[in-house]
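Peer 1: Each chain, letter by letter, is given below.
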Amino acid sequence: MSGVFVWIEQFKGEPALVSWQALGVGRKLADEIGEPLIALVFGQNVGELAQKAIHYGADEALVADDQTLAAFRVEPYAALVTKLIEERSPRFMLAGATTRGRDLMGTVAGQVGAGLLSDVIGLDVIDGNLQATRPIYAGKLLSKEVAEGDFQMATIRNRAFPTPDPDESRTGTITQVEPVMAEDEITVKVEGVEEAVGEVSLTDANIIVSGGRGVGGPEGFEPVRELAEVLGGAVGASRAAVDAGWIPYAHQVGQTGKVVSPDLYIAAGISGAIQHLAGMRTSKVIVAVNKDPEAPIFSVARYGIVNDLFKVLPALTKAFKEKLGR
Amino acid sequence: MHVVVFTKSTPDTAAKVEVDANGNVTWGDSPLVVNPWDEYAAEEALQLKEKQGANTTVIAVGPEMDNDALKHCVAMGIQEAVRVWDDALEGSDSLGQAKALAAAIKKMGDVDMIITGKEAVDVNSDAVILQAARFLGWPVLSFVAKIVEIDPATGAIKVERLVEEGRETVSAKLPAVVTVVKEINEPRYPSFIGIRKAAKLKIPVWSRAESGRARSEVEAGAAKTKVLEKFPPPPREGEVEIIPSDDVEEAARILAEKLIEEKVV
Ligand SMILES: Cc1cc2nc3c(=O)[nH]c(=O)nc-3n(C[C@H](O)[C@H](O)[C@H](O)COP(=O)(O)OP(=O)(O)OC[C@H]3O[C@@H](n4cnc5c(N)ncnc54)[C@H](O)[C@@H]3O)c2cc1C
Ligand SMILES: Nc1ncnc2c1ncn2[C@@H]1O[C@H](COP(=O)(O)O)[C@@H](O)[C@H]1O
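Residue numbers (my numbering), protein chains in the order written: chain A, 1003 to 1328; chain B, 2 to 266.
In case anyone wonders, no lab produced these hints; they're calculated from the structure.
You may find that some hints are simply not true.
When the alpha-carbon atoms are kept at most 25 Å apart in a straight line, the in silico DSS-like pairs for lysine-lysine are as follows [unchecked claim]:
id, chain 1, residue 1, chain 2, residue 2
1, B, K264, A, K1323
2, B, K231, A, K1286
3, A, K1260, B, K17
4, B, K174, B, K107
5, B, K227, A, K1030
6, A, K1313, B, K259
With the hints as constraints, model all of the structure from the sequences given.
Peer 2: What follows is the structure in structure tokens.
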């Protein structure tokens, strides 16, 4: 037996976009070594997701549909992945470098003693081994690393690889598998999730509009939000704004916040401290709005406007409303 | 209750990190600091000490430079510090370090909880802690933004975690590994007395053998990942184009057009 495993992450049945990106990478690796691409789909009522995984490039989907797997928990998920690795002896396994992907892959790597390349932005097979490029020191440097051993793992950074186009005519095998742990053997219980409703996820967003100390207070985020809304983007923030209590920590971009890589990043009232740049410097196009022409943020920006953000952001919102007809 | 903080030293986050001609990472004369995420872990351990009378220890697997991080935690108020190191660990990967950490915990014998930052800001492997948990057979509660309650009698622990979709409340049983995010607390500054204590402290160094691991399990030869090369990221292309904004409305229209043209909107 052989193959490339890709874990398909879902929350309440909704797949994580990065899982399709991982399938895209997995397809390339599987073709290079001439082995099948196998999607692991765990949850409850996830049959449809298994079908989608095949549309996105998998040759086979191993589906575990069970109440114990409804919400992600490391223990039952890692136990099942470990069993499937023992049964199928895959060469490689990939997953997204999300909160869940990191937990699952790190645990499985410890369990089976495999090399794990985490949060990679480039991945190839060289002489039969995984070779990855990954950011270190918060993106100040890159590291080229290679895995060794019979079974090798990698987690991939969200948006670092393209999302493949699904092909609905693709067919593949769907195989049911059984969970290994019973509920009473699982020590961790999920009591509930308080969802942040109506917000675009920072790490998935194509467009992010961020505010910093320059917004001056919680109400200063209004023009930031309005611009994000017309653009269908997410709202980010610098640590200064988070520490001041103007916006929750979940919005913080940077070394001790989220690392993001949108197509468009608009930084308003953010000076561009090295720790902030660490979280957004790989954005495709960066726009800086700042009163101070010397602000370091301009050194990574493609476009800049040196002016008061309270004038610029509303004007941008208006301009986009007109041009996009929203 | 015995709470152990895992930590390591990292270059200051403001440091300019570069690769020298020999391929080694340098950070000029910037100081080493405790991995910033771990300050939140140390603070949380101290709050457990104050609220629940926990004993606190901090451990690093690493060379002498990790003493800085250990001393910072002691200066904050952590009671004991241990460094685990010998030459077999030189060049070890996350699996080797995790084995050494797990072995040190087993040697201590009475540990109820490991608490640490969500990741190390230097190499960001985010694997050490999960693998150590696996070697111990303990559950991991990661990205914790709040410890809701701990019942020392039954070992029940309930926490709130930050996940992509929001906040998840989960419960588990100690012993467990907890990794924390910044939202959890406001780390205290080291006290004057703490700094004096840390300065005088002779940190015991446990060799790998003392923590019960065979050389072959942890040394570089056993590593399953290897670093081939470290290099600076490609510079961002092009200069910034400043759009004149005497007329802000006009500037906004020009910028909007350019962004639409670039197909990023
Ligand atoms: C360990 C550590 C980790 C850190 N992690 C992070 C992190 O993850 N993310 C992060 O962001 N920071 C982080 N920082 C903090 C970082 O060093 C900076 O302090 C922070 O990014 C500054 O935020 P700021 O740019 O909003 O504020 P400031 O540096 O104060 O900049 C405000 C900017 O707004 C401009 N401005 C003011 N008013 C206006 C106006 N009306 N119109 C237009 N412009 C205006 C000013 O010219 C200025 O450039 C970290 C620091 C440390 C030590
Ligand atoms: N060698 C080590 N010794 C002690 N703690 C460590 C070591 N490596 C990583 N950690 C801690 O484990 C957490 C996760 O780190 P990492 O897995 O390297 O991202 C961080 O809080 C680190 O400080």
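Peer 1: Broken hints, numbered, in rising order?
Peer 2: none
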